[in-house]
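Student: Residue numbers (this note's numbering), protein chains in the order written: chain A, 31 to 172; chain B, 31 to 172.
Keep in mind that the hints are not guaranteed to be accurate.
What the hints assert, rightly or not - In silico SDA-like links for lysine to any residue, alpha-carbon gap of 25 Å or less: (1) B:K130 x A:G82; (2) B:K130 x B:A67; (3) A:K130 x B:A119; (4) A:K130 x A:P147; (5) B:K130 x B:A119; (6) A:K130 x B:A67; (7) B:K130 x A:E88; (8) A:K130 x B:G73; (9) B:K130 x B:E112.
No lab work stands behind these hints, which were simulated from the structure alone.
Protein chains: 2
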Amino acid sequence: MTTPRIHIVTLGVGDLPRARRFYEALGWRASSTSNEAIVFLKGAGGVLALYGRAALAEDALAEDLPTGFAAVTLARNAHSREEVDAWFATAVAAGAHAMKPPQEVFWGGYSGYVADPDGHLWEFAFNPYFVFDEQGNLALPD
Amino acid sequence: MTTPRIHIVTLGVGDLPRARRFYEALGWRASSTSNEAIVFLKGAGGVLALYGRAALAEDALAEDLPTGFAAVTLARNAHSREEVDAWFATAVAAGAHAMKPPQEVFWGGYSGYVADPDGHLWEFAFNPYFVFDEQGNLALPD
């Protein structure tokens, strides 16, 4: 069995240009494969796609009910507390909602949460116990 | 500004052992850093974490409302239609709900969706226009 991975995380959004501007302000870069219906954002490693939420529901044959709590969070891991603070400030300046200002947390790290303009939750975290591999991914022990 | 990425996708789940079994059946491998409260699953590249949904809401200072449509989908991209069919069958055999059987789709590819035991949506897709880089990530043009 080949090793699984997440190639694309797709976020359903209410206003595609607004969502694109938000993520570009955070350093994501739209691929030229993007069009008026979908934006493919290139980060390092995986792809973050933005798509109309009704269209996304229809694509999955799901019902487009109000979200409530999505029970999904996306995390970007930093090399320092200062980097967490900087990412949090950049996101809020770009229009994110500050959910949890960066703070020391029970597991020994430093973490904050924002919600993007559509409510998708991002954690910015420094975990002193995690190391990165040469590609910049987290290198967790087996 | 350093290139952003998603290091961890965390899914809030109702039954941690059940969710772990499901993802292990799909080829994800739990890191020894996992504990009774959180499971860190290693794929290729990023990390998929499983955490109690109430605890995840509390961590983000979000309200644990019932999830309607989460408006988030995770995609694994295949090298062929046959691989999509195989992943879909494996997921359903492991307890996923079949949302959309793999089929030819309007953008020229082949795609199906399942919901994991907690309702998180996964797309398995073959996109004949996408290529992979040497790490196995999607290599989208700038």
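Student: So, for every hint listed, does it hold in this structure?
Tutor: Hints versus structure:
no., hint, verdict
1, B:K130 x A:G82, "19 Å, holds"
2, B:K130 x B:A67, "32 Å, violated"
3, A:K130 x B:A119, "40 Å, violated"
4, A:K130 x A:P147, "15 Å, holds"
5, B:K130 x B:A119, "12 Å, holds"
6, A:K130 x B:A67, "21 Å, holds"
7, B:K130 x A:E88, "10 Å, holds"
8, A:K130 x B:G73, "28 Å, violated"
9, B:K130 x B:E112, "16 Å, holds"
Violated hints, listed in ascending order, are 2, 3, 8; each of the other numbered hints is respected by the structure.
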